Amino acid sequence: MNCQEFWNTMPELGGADERHLQECAACAARMSRQRELAAGLRAVAANYQSVSAPARVEAPLRAAFRAQAGVSSDVRLRPRWAPAVTWATACAAMIAMAFFLMRGRQPEMPQPPATAGVEMAALAAGDETQSDFEGFIPLPNAARLAENEEVNVVHVEVPRSAMIAVGLEVSPERASELVAADVMLGPDGLARAVRFLDSDTLF
Amino acid sequence: MKPGAPETDDELLLRIQSGDEQAFMALYHRRQAALCRFALHMSGSMSVAEDVTQEVFLALLREDCGYDPERGTLSGYLFGIARKLVLRHMERGRVDVNLDGESEEGGLPQLAVNDDPLIDLTRREGIEALRRAVHALPRRYREVVVLCDLEEVDYADAAVALGCPIGTVRSRLHRARGLLLEKLSQERSPRHAVSAWKPVRCLS
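Line by line, the protein sequences give chains B and W. The opening position of the first sequence corresponds to residue 0 in numbering that gives the first Met the number 0, with each subsequent residue numbered one higher. The opening position of the second sequence corresponds to residue 0 in numbering that gives the first Met the number 0, with each subsequent residue numbered one higher.
Calculated from the structure, these hints are not laboratory results. Given the structure is predicted, the values throughout are model-derived calculations rather than measurements. Possibly wrong hints are sitting among the right ones.
[Stated by the list, open to error] Chain B residues, not near chain W, derived (Cβ > 12 Å throughout):
{"id": "1", "residue": "Met9"}
{"id": "2", "residue": "His19"}
{"id": "3", "residue": "Tyr47"}
{"id": "4", "residue": "Pro59"}
{"id": "5", "residue": "Phe64"}
{"id": "6", "residue": "Asn147"}
{"id": "7", "residue": "Asp187"}
[Said to hold, decoys possible] Derived Cβ-Cβ restraints for the label pairs, each shown as a range:
{"id": "8", "chain 1": "W", "residue 1": "Arg123", "chain 2": "B", "residue 2": "Asn147", "range": "43 to 53 Å"}
{"id": "9", "chain 1": "W", "residue 1": "Arg174", "chain 2": "B", "residue 2": "Ala24", "range": "36 to 46 Å"}
{"id": "10", "chain 1": "W", "residue 1": "Asp153", "chain 2": "B", "residue 2": "Gln48", "range": "14 to 24 Å"}
{"id": "11", "chain 1": "W", "residue 1": "Gly162", "chain 2": "B", "residue 2": "Asn7", "range": "39 to 49 Å"}
[Claimed, not checked] Stretch by stretch, here's where chain B covers chain W in the computed footprint (C-beta under 8 Å, at least three residues):
{"id": "12", "stretch": "20-32"}
{"id": "13", "stretch": "45-53"}
{"id": "14", "stretch": "138-144"}
{"id": "15", "stretch": "155-163"}
{"id": "16", "stretch": "167-177"}
For every residue, glycine included, the Cβ atom is placed at its ideal position computed from N, Cα and C.
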């Protein structure tokens with residue numbers, strides 16, 4: 000093995016041919032520098048070992064997770080690799096749930112976005128903020144937001160059946176379809192209001 | 000899962016998908032530090048590193064997150080998301096890749112540079128010189144050094160994160176190590192580096 004062939008094997012990445020290093024002083028010296036470099040890189044890594052995301056990163060993530068699971072307990076992250084049987088079972092269960100809810104109570108009249116906007120005016124101060132909150136529907140039993148309270152909006156996907164919970168009509172055939180929504184979180188991380196983004200979702 | 004053995008990332012992900020918040024936080028605590036360091040090394044900005052770390056896990060919550068265990072590990076996949084997010088931040092011009100003048104919170108203190116960085120790269124001065132050399136690498140080489148050398152991600156996971164074959168990871172790493180040695184040698188003796196320049200045309 001000549002020097003070129005030796006370095007073509009990328010010996011610094013592991014599996015160096017020690018016989019060539021014993022025969023060739025130049026390659027041995029070059030390899031020694033490579034090993035120094037590897038040790039140096041390990042030292043840099045060790046120097047950064049204590050670096051991690053600060054605690055303030057964790058709270059919004061926890062809130063986002065709760066929001067996704069909290070708007071509707073039916074929300075699930077369904078991987079593409081989930082078995083088809085699981086998917087079919089979930090759909091059937093959600094359709095059955097939608098039928099049950101529709102029969103159990105007559106949903107209130109759908110609240111038009113303007114109404115929701117008025118509702119949100121009570122939750123947020125200022126005209127500018129109000130326009131940002133247009134279309135949000137307060138969640139039943141959710142605490143009202145005080146003026147100037149900090150809110151976060153998280154984008155999620157929920158089954159259409161979740162719309163029933165805020166008094167919107169949902170056709171049973173489409174209850175299991177997913178719909179994009181913004182969820183407004185209070186400073187405590189709890190969901191306060193929801194806005195369904197796809198106009199086609201109604202109904 | 001074996002009794003007493005820690006859950007794998009994939010097992011945690013399954014629990015996350017069934018709405019288990021503890022599993023989500025367990026995965027976060029397991030992976031956030033490496034992702035944060037990767038973003039920090041790539042961007043040179045702790046605030047970008049924080050944003051990227053958060054966005055990686057938000058992306059994981061999305062239904063169409065796109066993770067396929069047959070294509071690689073969850074760790075490699077998360078690094079891949081982090082990489083894309085860092086690139087997005089870089090395109091927006093929010094980052095300062097050069098850490099020489101780093102003054103953000105969370106950064107390491109600036110150290111004096113030794114005249115001979117290769118004497119002992121594990122000494123504090125050598126570490127600083129090497130850190131700056133890593134940050135001076137072109138992005139495609141920097142990301143492979145950060146992943147494989149600093150975060151000790153294996154080549155297969157690095158390939159998933161970078162979206163390239165394992166052979167490319169190895170060849171980029173080989174080239175990156177060469178560039179680092181070159182850079183450190185230049186710092187050691189700038190005159191030697193200048194003497195390596197070849198005259199193109201004589202103006203006299």
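Hints, verified against the model:
1. Met9: violated (5 Å)
2. His19: For His19 (chain B), whose nearest Cβ neighbour in chain W is about 17 Å away, the distance exceeds 12 Å, so it holds.
3. Tyr47: violated (5 Å)
4. Pro59: Pro59 (chain B) not clear of chain W: closest Cβ-Cβ about 6 Å, inside 12 Å.
5. Phe64: violated (5 Å)
6. Asn147: The assertion about Asn147 (chain B) holds, with a minimum of 24 Å to chain W.
7. Asp187: Answer for Asp187 (chain B): holds, closest chain W Cβ roughly 15 Å.
8. W:Arg123 with B:Asn147: 43 to 53 Å: Given about 48 Å between the Cβ atoms, the range holds.
9. W:Arg174 with B:Ala24: 36 to 46 Å: Once the Cβ atoms are compared, 24 Å apart, the range 36 to 46 Å for Ala24 (chain B) and Arg174 (chain W) is violated.
10. W:Asp153 with B:Gln48: 14 to 24 Å: The hinted range 14 to 24 Å holds for Asp153 (chain W) and Gln48 (chain B), with Cβ atoms some 18 Å apart.
11. W:Gly162 with B:Asn7: 39 to 49 Å: violated (25 Å)
12. 20-32: holds (count 6)
13. 45-53: Coverage by chain B holds for the stretch 45-53 of chain W (4 residues, Cβ < 8 Å).
14. 138-144: This one is violated; 1 residues, fewer than the three required, reach chain B with a Cβ under 8 Å.
15. 155-163: violated (count 0)
16. 167-177: With 5 residues in contact (Cβ-Cβ under 8 Å with chain B), the coverage given for the stretch 167-177 of chain W holds.
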